[in-house]
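> What follows is the residue order along each chain.
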Amino acid sequence: MTNSTAPCPVVRTSDDGLALSRIVAGMWRMGEWNMAPQQRLAFIEQCLELGVSSFDHADIYGGYGVESLFGEALALQPSLRERMQIVSKCGIKLRSPARPAHTIQHYDTTAAHIVASVDNSLKALRTTHLDLLLIHRPDPLMEFDEIAETFEALRAAGKVRHFGVSNFTRHQFECLHRRVPLATNQVEFSPLHLAPMFDETFDGLQDQGVAPMIWSPLAGGRLFGDDAATAPLRAKIRQVAAETGYSFSSVVFAWIMQLPSKPVPLTGSGRIEAIREAVEATQVTLTRQQWFEILRAARGHEVA
Amino acid sequence: MTNSTAPCPVVRTSDDGLALSRIVAGMWRMGEWNMAPQQRLAFIEQCLELGVSSFDHADIYGGYGVESLFGEALALQPSLRERMQIVSKCGIKLRSPARPAHTIQHYDTTAAHIVASVDNSLKALRTTHLDLLLIHRPDPLMEFDEIAETFEALRAAGKVRHFGVSNFTRHQFECLHRRVPLATNQVEFSPLHLAPMFDETFDGLQDQGVAPMIWSPLAGGRLFGDDAATAPLRAKIRQVAAETGYSFSSVVFAWIMQLPSKPVPLTGSGRIEAIREAVEATQVTLTRQQWFEILRAARGHEVA
Amino acid sequence: MTNSTAPCPVVRTSDDGLALSRIVAGMWRMGEWNMAPQQRLAFIEQCLELGVSSFDHADIYGGYGVESLFGEALALQPSLRERMQIVSKCGIKLRSPARPAHTIQHYDTTAAHIVASVDNSLKALRTTHLDLLLIHRPDPLMEFDEIAETFEALRAAGKVRHFGVSNFTRHQFECLHRRVPLATNQVEFSPLHLAPMFDETFDGLQDQGVAPMIWSPLAGGRLFGDDAATAPLRAKIRQVAAETGYSFSSVVFAWIMQLPSKPVPLTGSGRIEAIREAVEATQVTLTRQQWFEILRAARGHEVA
Numbered sequence: 001m002t003n004s005t006a007p008c009p010v011v012r013t014s015d016d017g018l019a020l021s022r023i024v025a026g027m028w029r030m031g032e033w034n035m036a037p038q039q040r041l042a043f044i045e046q047c048l049e050l051g052v053s054s055f056d057h058a059d060i061y062g063g064y065g066v067e068s069l070f071g072e073a074l075a076l077q078p079s080l081r082e083r084m085q086i087v088s089k090c091g092i093k094l095r096s097p098a099r100p101a102h103t104i105q106h107y108d109t110t111a112a113h114i115v116a117s118v119d120n121s122l123k124a125l126r127t128t129h130l131d132l133l134l135i136h137r138p139d140p141l142m143e144f145d146e147i148a149e150t151f152e153a154l155r156a157a158g159k160v161r162h163f164g165v166s167n168f169t170r171h172q173f174e175c176l177h178r179r180v181p182l183a184t185n186q187v188e189f190s191p192l193h194l195a196p197m198f199d200e201t202f203d204g205l206q207d208q209g210v211a212p213m214i215w216s217p218l219a220g221g222r223l224f225g226d227d228a229a230t231a232p233l234r235a236k237i238r239q240v241a242a243e244t245g246y247s248f249s250s251v252v253f254a255w256i257m258q259l260p261s262k263p264v265p266l267t268g269s270g271r272i273e274a275i276r277e278a279v280e281a282t283q284v285t286l287t288r289q290q291w292f293e294i295l296r297a298a299r300g301h302e303v304a
Numbered sequence: 001m002t003n004s005t006a007p008c009p010v011v012r013t014s015d016d017g018l019a020l021s022r023i024v025a026g027m028w029r030m031g032e033w034n035m036a037p038q039q040r041l042a043f044i045e046q047c048l049e050l051g052v053s054s055f056d057h058a059d060i061y062g063g064y065g066v067e068s069l070f071g072e073a074l075a076l077q078p079s080l081r082e083r084m085q086i087v088s089k090c091g092i093k094l095r096s097p098a099r100p101a102h103t104i105q106h107y108d109t110t111a112a113h114i115v116a117s118v119d120n121s122l123k124a125l126r127t128t129h130l131d132l133l134l135i136h137r138p139d140p141l142m143e144f145d146e147i148a149e150t151f152e153a154l155r156a157a158g159k160v161r162h163f164g165v166s167n168f169t170r171h172q173f174e175c176l177h178r179r180v181p182l183a184t185n186q187v188e189f190s191p192l193h194l195a196p197m198f199d200e201t202f203d204g205l206q207d208q209g210v211a212p213m214i215w216s217p218l219a220g221g222r223l224f225g226d227d228a229a230t231a232p233l234r235a236k237i238r239q240v241a242a243e244t245g246y247s248f249s250s251v252v253f254a255w256i257m258q259l260p261s262k263p264v265p266l267t268g269s270g271r272i273e274a275i276r277e278a279v280e281a282t283q284v285t286l287t288r289q290q291w292f293e294i295l296r297a298a299r300g301h302e303v304a
Numbered sequence: 001m002t003n004s005t006a007p008c009p010v011v012r013t014s015d016d017g018l019a020l021s022r023i024v025a026g027m028w029r030m031g032e033w034n035m036a037p038q039q040r041l042a043f044i045e046q047c048l049e050l051g052v053s054s055f056d057h058a059d060i061y062g063g064y065g066v067e068s069l070f071g072e073a074l075a076l077q078p079s080l081r082e083r084m085q086i087v088s089k090c091g092i093k094l095r096s097p098a099r100p101a102h103t104i105q106h107y108d109t110t111a112a113h114i115v116a117s118v119d120n121s122l123k124a125l126r127t128t129h130l131d132l133l134l135i136h137r138p139d140p141l142m143e144f145d146e147i148a149e150t151f152e153a154l155r156a157a158g159k160v161r162h163f164g165v166s167n168f169t170r171h172q173f174e175c176l177h178r179r180v181p182l183a184t185n186q187v188e189f190s191p192l193h194l195a196p197m198f199d200e201t202f203d204g205l206q207d208q209g210v211a212p213m214i215w216s217p218l219a220g221g222r223l224f225g226d227d228a229a230t231a232p233l234r235a236k237i238r239q240v241a242a243e244t245g246y247s248f249s250s251v252v253f254a255w256i257m258q259l260p261s262k263p264v265p266l267t268g269s270g271r272i273e274a275i276r277e278a279v280e281a282t283q284v285t286l287t288r289q290q291w292f293e294i295l296r297a298a299r300g301h302e303v304a
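Keeping their order, the protein sequence lines are chains A, B and C.
Residues 1 to 304 in UniProt numbering are what the first sequence spells out, letter by letter.
Residues 1 to 304 in UniProt numbering are what the second sequence spells out, letter by letter.
Residues 1 to 304 in UniProt numbering are what the third sequence spells out, letter by letter.
Just so you know, these hints were derived from the structure itself, not from any lab.
Just so it is clear, the structure is predicted and the values come from calculations on it, not from any experiment.
Watch out, some of these pointers could steer you wrong.
No copy labels: a pair is met if it fits in one copy or bridges any two.
Calculated cross-link-like contacts (lysine to aspartate or glutamate; reagent style DMTMM-like; alpha-carbon spacing at most 25 angstroms) [to be verified]:
no. : residue 1 : residue 2
1   : Lys123    : Glu273
2   : Lys262    : Asp145
3   : Lys236    : Glu32
4   : Lys262    : Glu149
5   : Lys236    : Glu49
6   : Lys159    : Glu146
7   : Lys123    : Asp226
8   : Lys159    : Asp145
9   : Lys159    : Glu273
10  : Lys159    : Glu72
11  : Lys262    : Glu146
12  : Lys236    : Glu152
13  : Lys236    : Asp15
14  : Lys123    : Glu152
15  : Lys159    : Asp226
16  : Lys159    : Glu188
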């Protein structure tokens, strides 16, 4: 592993024009990192130095608190804003001390809620616009037309530049994409969660020329555990790491990024070394045989 | 609960122009109601007074007998015909004393059978046209082109005004809808049968601007049973009924009609009070939290 | 059963213009038939006499050996080439003594591999062109655009006349078919493997006007076994065979060919009598009741 990491490349996720860093820094757990504002600022600056310029949020992260933690750090150095892309999400209503009116966890994808949530996010993040807004989960009550019109209105108001969804099926993505161009569908994928590779999600995104974003590419840390069921997979990843001279994590990130839909993975860590390993993965190309070795280990059987 | 129910609204199920009452009276079990012709006529008139002007049939209901029971009642007051919409279906061939040639229950969606079935239905119902004809089940041997051509021929002949399907998947619906505009897909849905909400059926219909019709919205009565597995769901529906001041059944019908695909539910009862409770549901709007409370109780877990 | 079999009809599988014999002779197991070159030639000539003019191959059959066995026979009578259609496949990389570089069974659908595989097939088959080339399995790493461009280049080079896929889902088929017209999707189907009838595969092909090819229509011989679980199905097929005066195999082939997507089944046998029984099936039309009797026996329950 090298210490002079090449900078993270930039990618366009679709024809719609959004540019993200090939690795996106996920802020989901920032509230658990116990960082003072100055430490958060330092972490953000280190990410930017690595070329990781895109930061992934949601209104609900940290019990509706992470956006404010980030905004507080950004306020210490406001000029950083123009060097980064900020992603946020809306549509889930959590039970939370911060939202006492919510008596049950539910979804809300009405125009009124989307607009109010964006306004909250802009205020908490101390910014005038989001680069990308995602509907967090497919809502059984969502009106495709209403969401599309709300996206267009937010774009016209200068509050949000690009739009997407998260955890949508291939068909749900296309229903909305037909009404308003979407820049991504952010889904869970890892060697321990292969569903999007076989349920039309990745095929459909490739077909539409849209790159997925990937949450939990390291399976929320489960890939590093000592679960006997995943031992053969871990051994295989370690073997490929040895063959290529890259870290375990870099191999997993590389394995994911090699898919033809050109996935953009999120990190989840507050350690800059973890971000660096993800960035190093952008330099790795596995052989097809290495790639299928990992797939076989992940599934427990070879391809037909 | 009020006795001065507001009249049932009218809805268009698609751009194709079919107008149905928001609640459709299902005639499936009319043969079990043991009504004399004059009683059947009275029931039909009471439905019409409530604004329930659409009546759902199939050739096979009551062992190929219900259409005749209805037609017999209609013949007592033929002027009612122009105040109602008659829906029927074809495509299933039941084993029945009325059809001794059928040695096995099977499907037939050939032009010859569809046309013959419509002619039988018109004769039994004592009417010159159907307002809506549905293919009852997806047939593994169905030819999309042949069905579409048959529909167009029936329309040209003045025998059927609008067309649809029943129990079709999203993809099957679209295969036929591309060839001839369909006005609906009549499917099973209730808090005890949630599949269409998660298998693309409702998403696809919303996408196409077509409203589903819903059979067994009360789960064929199972919602009123004392099955321990459904006790929490029943308790939740009762709670929402108490909160809103409407009946248990009204809450279920309202919960269904609130979906963005604008479902049109069928009743199944011969009691006019049951029809009235369905009509009252057209006045109810549940809060999002009430709606998701019922969903959670139906699934046994909250949304992700 | 007659000895003067009517010749096998010819079918177009799509608007793209490929014509195949209604029954295709599958060469998968030719390596197991232990035939001398002259015997292979005689078998090919007997197939042609029956009107079975299409021969199905893959680069990998017989451990990368079958194409050469066929080419060796064809070289004894090169004029046969213009009376036949040769189908081959690529995209799977087997572990095999013939391919020592392969350390794991995997897929390769890159332009470089497809072109190299076609060149190998042409050389082994001793022909200048393939009539039809299929991607053998859907590859998680496949690039739809790259495959489409490679197909067009192979067509322009005169090496392959028509293109298709095998074992693709409905959605995968359509992703590629949008980029380059495909002539078929070759899938497994039989009374013991009904999936394509219910998972959108056949519906989608009918919708697109493309006929599937069918591998293992006799379930790889399992239909002839004495498995208790399939005894009712075997009894029903025997009954229909007795009713129609055709052989057991002919009934199964006829049952498949009666589907509205117009499937083109493959044989798998080196016995000319087995090919003849498949060809005889092209003369059979089962009644709908017979057809559904077999479906019911195959599923263990009648249709809804």
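> Please sort Lys236 with Asp15 into within, between, both or neither, judging by C-alpha distance up to 25 angstroms.
neither (36 angstroms within a copy, 47 angstroms between copies)
> At most 25 angstroms between alpha carbons: which applies to Lys159 and Glu146, within, between, both or neither?
within (17 angstroms within a copy, 38 angstroms between copies)
> My question is about Lys123 and Glu273: at a cut-off of 25 angstroms on alpha-carbon distance, are they close within one copy, between copies, both, or neither?
Neither: 30 angstroms inside a chain and 53 angstroms across chains, both beyond 25 angstroms.
> Up to 25 angstroms between alpha-carbons, please classify Lys236 paired with Glu152: within, between, both or neither.
Classified as neither: same-chain Cα gap 47 angstroms, cross-chain 38 angstroms, threshold 25 angstroms.
> From the Cα coordinates, with 25 angstroms as the cut-off, is the pair Lys123 and Asp226 best called within, between, both, or neither?
neither (42 angstroms within a copy, 51 angstroms between copies)
> Indicate which option fits the pair Lys262, Glu149 if close means a Cα-Cα distance not exceeding 25 angstroms: within, between, both or neither.
between (28 angstroms within a copy, 19 angstroms between copies)
> Should Lys236 paired with Glu32 be assigned to within, between, both, or neither, using CA atoms and 25 angstroms as the limit?
Neither: 31 angstroms inside a chain and 36 angstroms across chains, both beyond 25 angstroms.
> What label fits Lys159 with Asp226 when the C-alpha limit is 25 angstroms: within, between, both, or neither?
For Lys159 and Asp226, the Cα distance exceeds 25 angstroms both inside one copy (45 angstroms) and across copies (52 angstroms).
> If the cut is 25 angstroms between Cα atoms, do Lys159 and Glu188 qualify within a copy, between copies, both or neither?
neither (27 angstroms within a copy, 42 angstroms between copies)
> With identical chains, the pair Lys262 and Glu146 could be close in the same copy or across copies; at 25 angstroms between alpha carbons, which is it: within, between, both, or neither?
between (30 angstroms within a copy, 14 angstroms between copies)
> Indicate which option fits the pair Lys159, Asp145 if close means a Cα-Cα distance not exceeding 25 angstroms: within, between, both or neither.
For Lys159 and Asp145, only the intra-copy Cα distance (19 angstroms) is at most 25 angstroms; the inter-copy one is 35 angstroms.
> Up to 25 angstroms between alpha-carbons, please classify Lys123 paired with Glu152: within, between, both or neither.
Cα proximity of Lys123 and Glu152: one copy only (20 angstroms, versus 53 angstroms across).
In this structure, the hints that do not hold are numbers 1, 3, 5, 7, 9, 12, 13, 15, 16, in rising order.
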